[in-house]
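Novice: Single-letter residue listing:
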Amino acid sequence: MGKKYDTPLLDDLESGVFPSFVTEMKRAAEQSEYANDLLGQLELSFKENLTHWKHGGIVGVRGYGGGVIGRYSDIPDQFPGIAHFHTVRVNQPSGWFYTADALREICDIWDKYGSRLTNMHGSTGDIILLGTKTENLEPIFAELSSRGWDLGGSGSAMRTPNCCVGQARCEWANIDTMAITNEITQHYQDEMHRPAFPYKFKFKIAGCAVDCIASIARADMSVIGTWKGDIQIDAAEVTNYAKGGMDIAEEIAGLCPTGCITWDGSSLTIDNSNCSRCMHCIAKMPKALRPGKEKGATILLGSKAPIVTGALLSWVIVPFIKMEPPYDEFFDLVDRVWEWWDDHGKNRERIGELIERLGFPAFIKATELDLHPQMIKEPRRDPFFFWSEEDIIK
Amino acid sequence: MSDLPERQTDIGPPHYEQFLPPVIKNNYGKWKYHEEIDAGHMVHVSETGDKVHTVRVASPRLISTDFIRDLCNIAEKYCDGHLRFTTRNNVEFMVDDESKVAPLVKGLKDSGFLVGGIGPGISNVVHTQGWVHCHSAATDASGLTKALMDEFHEYFTGAKTLPNRVRLAVACCVNMCGAVHCSDIALVGVHKTPPRIDHDNIKNFCEVPSTIGSCPTTAISPDPAKKSVKIKLEKCMYCGNCYSVCPSMPIADAKNDGVAVVVGGKVANLRKPPKFSKLAVPWLPNNAPRWPEVVQAVKTVLEAYEAGAKKHERVGEWVDRIGWEKFFEVTGFEFMIQHVDDFTFARETWRTAATFKW
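Residue numbers (the working numbering), protein chains in the order written: chain V, 1 to 394; chain X, 1001 to 1358.
Okay, chain V solo, but in the shape it has when bound (with noise of 0.2 angstroms):
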């Protein structure tokens, strides 16, 4: 083991009631001289108030255009163990069930050739295997990949991938989120490995709008699971919700954004017609209300973070679609969606940047998708619109 290192700052981290991210480096620390150098080197950037590493390299296995991120310490000298200290990416199995076997599998692998430091997991849902030098990378994905294990995405590729718990343990889950999922994943192997999209793309898949996985705000393409039909209701178990000391006029019919559950005080009854499936009285009342029969899912686009042009929300781009294998209609749609992207999307463009330079109609009469007054929250307020040659009269 190399140098001990004083971290005054860092081991102030460690007292607390809330588990230390310090002392599990610490923990790595004992036996890799990697982790050993990081806690080192962040030392620094908490005396200094500035990060130490440096842009990425392109870096990866071959084969590969993606699934590792090259990282370099610009103080190697100092901290020769993270000279190189590239992430790799493990594509997660759907719904991050594991068994204690699986995972050991992946510690013993990483023990051998990296920093004993993960993150469980990173905010796109990839294991994340953090630190390790750019000759192991080879040795990693051949120990990963003989034992099923293969890598997520990076770079201008579809990105992995990624879904809430859904039916595997979800009353709620309208859709089969775990299933279409890996689906998804299998189907673009190709496209998650090797990067030649304008820029990331992310799939979010969502079981209910309670949207536990995030996918309407940091989803490229976003799958919700919603119903059609009315909610099922237990009128016994809402009685029940009523003498356990719940208000329900105040907390469900009130509560309601779109008024249309009738309270009398002693029975429930909703105005299907006009509800707009928020979710609330189902997720306050779970056992005395259920969604309606027809699943499916609605499929938005668009959503991202602030770089470039400001942070987009994911709109509605298919107001219902049966999201059932072989999922032949919702691949069709993807296939469409980036084929436009591919011809128009400049470097380093999302989906929803594209849409708003050229307009959500082009998208629209591109792709060929259906018109639903679903799709917007108002129609346009200015008189510019445009017309096409069969509309003129001649």
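Check the hints yourself; a few may be wrong.
[As the list claims (entries may be wrong)] Part of the chain X face toward chain V, derived, beta carbon under 8 angstroms:
{"hint": "1", "residue": "T1065"}
{"hint": "2", "residue": "D1140"}
{"hint": "3", "residue": "V1208"}
{"hint": "4", "residue": "K1272"}
{"hint": "5", "residue": "K1311"}
{"hint": "6", "residue": "T1352"}
For the record, the hints were derived by calculation from the structure and aren't laboratory data. The beta carbon of each residue, even a glycine, is placed where N, CA and C say it ideally should be.
Since the structure of chain V is provided, determine the placement of chain X on it from the hints.
Specialist: Same frame as chain V, now just chain X:
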């Protein structure tokens, strides 16, 4: 390397089904309802009558393989070797009978795990890499997260509750590798000064057209004499996107980098549509290791929310109801010129009504 196993490509992740606990596999798609028993325990009940009890614990997300092995040991001892992780970096252990819950909780607590994160409180913080692993970080994310959760852990364990969930997030720069832009209270690392141009190296390390193209405000233009670029300083709003494509335009500035506090965002559609977080405090100093000014600002928002919100209102719904002018009044945050939007969607944020509160 000849002793390495044979590599495979494009196999995708292992199929999830092999990792599911039997009670999950047997009741997949058959769940009927659930109940939150306490901040660390919920039960899902199936149409078949089966139940799965879930116990949740916190993780710092940046974890050693030793920590993962600790989790595995717990899973093996109490849950037939099964466990899962959540969107917010928590860890969940599942058992199929209520009698197994108490031993599991005891086992977790005895091993030092913090049980909680369910219900109307503060679950784990979604956060980014920060100084631990990112070249563009304007602050540290793990450190901020630890400082916040040490202060607010009672909202995690259920010792204290709130009118509804409060989702905290930390992004170490405006790239926001996390859903910071739609969180109840979020922190984002920001710069205050423009990038410096390393004219000698630009031609070696950067592609000039893409560097110019990266600027959202067209502040960057060619400087042919120097075979480099120049910046119109009055147009630069310090986003650092040029540095993302061109390493010869470093923007980190130890004295001026800091943390902005944004509030009122959400991703769920319940009651009100998803919302963006909006600026509450434009800049607070990077005062490592515990960022006391930042923690205090979050506490100020939390206390005002707790005092003012109605049951079930998220932070953004509460602020919408009382109005932003009231938000500044009840929090005491100074209203500054930085709060007035002048970016892409600015016009939508100016008040186009004569109605507001004094």
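Novice: Name the hints, by number, that the structure is in violation of.
Specialist: Hints 3, 6 contradicted; others consistent.
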